[in-house]
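Following the hints, position chain C against chain G.
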Amino acid sequence: MEDRFKAYLVEAFKTIAPTKAAMEYRKQTLKDMLARAQELRIKGMTDEELIFDTVLEDYEDFGEKLKEFESREIKVNSAKRNVLLGAVLSVALVAILAITYVIIGVAAHVWHPTWLLIVGGIFAGLIGLFALVGVKAVKNKKHAVLRLLVAAGIVLVSVFVFLVLQLATPLPQVWLTFLAMVALIVGADTAIAFLVNGKMKWVELPIFVEVFAVMLYVMLGIIVHIWHPGWILCLAGVVAGLVELSVFVAMRNAKKAEAEKKKNYDKNVKTDEKYWEEW
Amino acid sequence: MPKTLKAEIWDKMQYLFRDFYDRMVHCVQIYDAPIDVCAMKNVLIWTTEKTPILHSAFRVNAVEPYWTVEEYTIDDILKVDLECADLDDTIDRFITQSIPVDNNVQYKFGIFSDGERWAIAMIVNHMCMDGGDFKYFMKKLAENYNKQIAGERGFSIKTGSRALDEVYSDLTEEEKEIAKGLYKNISAVKDEHYFPLTPASEKDRTMICKRKVEKELFDEFKAIGKKLDVTVNDMMLAFYIRALYEVGMFKETERLSIPCMVDLRRHIEAGGANTGLTNHTGFMVCSVENKGETINDTLVNVLRSLRKSKDDPYLGLYSLPLLKLAYAVFPHVISETAIKIGYMNPLIGMSNIGLLNDALLKLGDANLVDGFMTGAVKFKPYMQLALTTVKGVMTMTIAIKGNDEDGKIVEGFFDIIKKNMRDFVELNRSKLD
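Sequence order for the protein chains is G and C.
All residue numbers for the first sequence refer to this note's numbering, where the first residue is 1 and numbers rise by one.
All residue numbers for the second sequence refer to this note's numbering, where the first residue is 1 and numbers rise by one.
Treat the hints with caution; some may be incorrect.
[Claimed, not checked] Pairs of lysine to any residue residues, derived as SDA-like cross-links and limited to a Cα-Cα distance of at most 25 Å, are as follows: (1) G/Lys27 - G/Tyr59; (2) C/Lys139 - C/Arg117; (3) G/Lys65 - C/Lys3; (4) C/Lys3 - G/Leu66; (5) C/Lys3 - G/Leu30; (6) G/Lys262 - G/Leu242; (7) C/Lys140 - G/Asp47; (8) G/Lys199 - C/Arg304; (9) C/Lys140 - G/Thr46; (10) C/Lys227 - C/Leu303; (11) C/Lys3 - G/Ala35; (12) C/Lys176 - G/Arg252; (13) G/Lys142 - C/Pro331; (14) G/Lys256 - C/Leu322; (15) C/Lys3 - G/Asp32; (16) G/Lys142 - C/Leu5; (17) C/Lys203 - C/Lys408; (18) C/Lys50 - G/Val247; (19) G/Lys31 - C/Lys139; (20) C/Lys139 - G/Asp58; (21) C/Lys139 - G/Glu49; (22) C/Lys79 - G/Asp47; (23) G/Lys141 - C/Glu64; (24) G/Lys267 - C/Glu175; (25) G/Lys255 - C/Lys140; (26) G/Lys274 - C/Glu175; (27) G/Lys6 - C/Lys431; (28) G/Lys65 - C/Val69; (29) C/Lys50 - G/Asp53; (30) C/Lys3 - G/Phe69; (31) G/Lys65 - G/Val10; (32) C/Lys180 - G/Asp32; (33) C/Lys139 - C/Leu82; (34) C/Lys3 - G/Asp58; (35) C/Lys431 - C/Asp297.
[Said to hold, decoys possible] Chain C stretches covered by chain G per the calculated footprint, using a threshold of three residues with CB under 8 Å from any CB of chain G: (36) 40-47; (37) 406-418.
[Unchecked claim] Computed Cβ-Cβ distance ranges for the label pairs, DEER-style: (38) G/Glu11 - C/Cys38: 29 to 35 Å; (39) C/Asp102 - G/Lys261: 53 to 59 Å; (40) C/Asn357 - G/Leu245: 54 to 60 Å.
For the record, the hints were derived by calculation from the structure and aren't laboratory data.
By construction, the Cβ of each residue, glycine as well, lies at the ideal position given by its N, Cα and C atoms.
Pulled out of the complex, with its shape left as it was, chain G reads as follows (with noise of 0.2 Å):
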């Protein structure tokens, strides 16, 4: 069996050129189809033979894959080399913004709030990590992960901008800032909706403006007092809403009804003389 399958590998492989690589894969792949005959000995299969061409069916497309082989881009495997730099970049930064942090604190004695230095270093740090795999989701066309990863960089960017509006200034109500951050997430979503063409998008525009009027209402609400007229922001937001649902379903039904047209035109009225004797 040993030999019939060298012999198998040694002819499949005279179809690639003879590197040091394919004749580890070579070795390998021997490895492989021994394994795998055992494993169908030990199942109970009795006939060598087929046990022979079971295996062998196993790799019906061997030949693709040791083409696959011969053109695979071979590149330096630096995946753990950028995992240590990007740990030891990581520690860095955060180093750094600590010396820092006490460099100020010793010399100028100011405390607090410099130590949202080293907040907004770690909170960059994480958007950075986030930014990366996002690209990756979208390469993979993970869609999902995209989305929840925007949220996730617009939370951290909210809780950072609300940390500093209200530990290093003297505004007021400054937790307003998670009103927008609804919205701001709602608006990223449906951006991103828009963007890679999701199924839900035209559903999304709609729940995005009536969050975005509540939202700017309710500050507005609280900042400048308006609560009314303000409330018509809402009934605006519900309004526009609407109207862009109704020309959606309007375009949609002018789209299927122009479809339909055509197939009565020429089911109804479009003549051919082979309909007379058809069956």
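Then chain C, alone, in the frame of chain G:
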């Protein structure tokens, strides 16, 4: 880490049916000469290797269930007893077992003999395949076995996609769009007639009741059917429905609805020859307005009901988009609950599995002389009549979990069906001349 396979919608649906039946599909084939056990072993392993779902365990998960491909040996699958004292009893005991979903193999195969007759018997988890693919599987098994004993190669078994969407593959784009919008819940047929079995009890056991329709009788009503341009399925529905009115003591003027299984491979490219082994079964409902005075009247009622279904290009495709939506939108645990609320399992059904072709099921020199295939063993109050034909003899089977009393009720029911067949032949004997 074990290799995993996606649990397709049909798999999940059949798993959901665990409350209604035992999820096993059964087949028995009797031969007139010995079967080469060693050759069959080799063919079975080859087939199992090519069909990972058959050596996988179903893993239930609150979000998304899946299959894990498992290790096995032939002893997990095959049971051989060539010195049976009572062949029928051995077969019966073999086919009435049930395979747990998390077992390493999802089918069991038996080769039995009493020295005069040789039998192969197989049970398989309904989540892996339905009757349509089970017939295909048995044909391929015979084909590959014959190649094995002849020393030939080129074994084959289909290994394509098991996805539900394959069911639309032979439709045009326009038809597909319509079919994918058929959200109507076809199970919501309000028919509360049930087969009069005894109440469920601890004494109930799995039983497969069988009754043969002799070749002469079958040939006669088939010949009449041909003259009247009605199918065996139409006639069997009429005999069945009429018998139900009698055994269930339903009012003769009452409407009775019986779902009849439909093989959805009619909508699949090449009749499903390129899909994977799976379920592609829907159903059409036959509703008769009343019993009818004679068996011919019942047949007319059946034909009136079926005419609309037969002309429907989307026969059996209703409700599939609804199922797909439920499984796509919700995690498994919620979708199961949602479907259970909306799905009403038919209390009475019929499945015409059709012909077991003896020419295609021949095993070497051994000729197929008898056999049957039947669906899952139903739990009370559900029941289904399954029909298979071998060499011109039809076998009616009803697989239920019941007791001796239920057995007697079913035997009585078979008597009535056969009486209806004879009445039909007598009433229409003039057509035979």
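Now for the hints, and whether the structure bears them out:
1. G/Lys27 - G/Tyr59: The hint holds at about 15 Å.
2. C/Lys139 - C/Arg117: Cα-Cα ~20 Å, so holds.
3. G/Lys65 - C/Lys3: holds (21 Å)
4. C/Lys3 - G/Leu66: holds (24 Å)
5. C/Lys3 - G/Leu30: Holds - the C-alpha atoms of G/Leu30 and C/Lys3 are around 22 Å apart, at most 25 Å.
6. G/Lys262 - G/Leu242: violated (30 Å)
7. C/Lys140 - G/Asp47: Satisfied, since the Cα-Cα distance of roughly 19 Å is no more than 25 Å.
8. G/Lys199 - C/Arg304: violated (42 Å)
9. C/Lys140 - G/Thr46: Cα-Cα ~20 Å, so holds.
10. C/Lys227 - C/Leu303: Holds. C/Lys227 to C/Leu303 sits at ~15 Å (cutoff 25 Å).
11. C/Lys3 - G/Ala35: Distance ~17 Å between C/Lys3 and G/Ala35 Cα, so the pair holds.
12. C/Lys176 - G/Arg252: holds (18 Å)
13. G/Lys142 - C/Pro331: holds (19 Å)
14. G/Lys256 - C/Leu322: Holds, at roughly 22 Å.
15. C/Lys3 - G/Asp32: holds (17 Å)
16. G/Lys142 - C/Leu5: With Cα atoms ~20 Å apart, G/Lys142 and C/Leu5 stay inside 25 Å; holds.
17. C/Lys203 - C/Lys408: Measuring from Cα to Cα gives roughly 15 Å; hence the hint holds.
18. C/Lys50 - G/Val247: Given pair C/Lys50, G/Val247 is violated - Cα atoms ~52 Å apart, limit 25 Å.
19. G/Lys31 - C/Lys139: This hinted pair is violated, its Cα atoms lying about 35 Å apart.
20. C/Lys139 - G/Asp58: Holds: C/Lys139 and G/Asp58 sit about 23 Å apart, inside 25 Å.
21. C/Lys139 - G/Glu49: Satisfied, since the Cα-Cα distance of roughly 23 Å is no more than 25 Å.
22. C/Lys79 - G/Asp47: Cα-Cα ~19 Å, so holds.
23. G/Lys141 - C/Glu64: With a Cα-Cα distance of about 21 Å, the restraint between G/Lys141 and C/Glu64 holds, given a limit of 25 Å.
24. G/Lys267 - C/Glu175: Answer holds: G/Lys267 to C/Glu175 is near 15 Å, not above 25 Å.
25. G/Lys255 - C/Lys140: Violated: G/Lys255 and C/Lys140 sit about 48 Å apart, past 25 Å.
26. G/Lys274 - C/Glu175: Satisfied, since the Cα-Cα distance of roughly 23 Å is no more than 25 Å.
27. G/Lys6 - C/Lys431: violated (70 Å)
28. G/Lys65 - C/Val69: Distance of about 24 Å is within 25 Å: holds.
29. C/Lys50 - G/Asp53: holds (13 Å)
30. C/Lys3 - G/Phe69: holds (23 Å)
31. G/Lys65 - G/Val10: Cα-Cα ~15 Å, so holds.
32. C/Lys180 - G/Asp32: It is violated: about 44 Å lies between the C-alpha atoms, which goes past 25 Å.
33. C/Lys139 - C/Leu82: holds (23 Å)
34. C/Lys3 - G/Asp58: Status holds; Cα separation ~16 Å.
35. C/Lys431 - C/Asp297: holds (16 Å)
36. 40-47: holds (count 4)
37. 406-418: Violated, because only 0 residues of the region 406-418 of chain C bring their Cβ atoms closer than 8 Å to Cβ atoms of chain G.
38. G/Glu11 - C/Cys38: 29 to 35 Å: Taking Cβ atoms as reference, G/Glu11 and C/Cys38 lie about 31 Å apart, which means the hint holds.
39. C/Asp102 - G/Lys261: 53 to 59 Å: Given range 53 to 59 Å: holds, Cβ gap about 55 Å.
40. C/Asn357 - G/Leu245: 54 to 60 Å: holds (57 Å)
Of the numbered hints given earlier, the model fails hints 6, 8, 18, 19, 25, 27, 32 and 37; all others are met.
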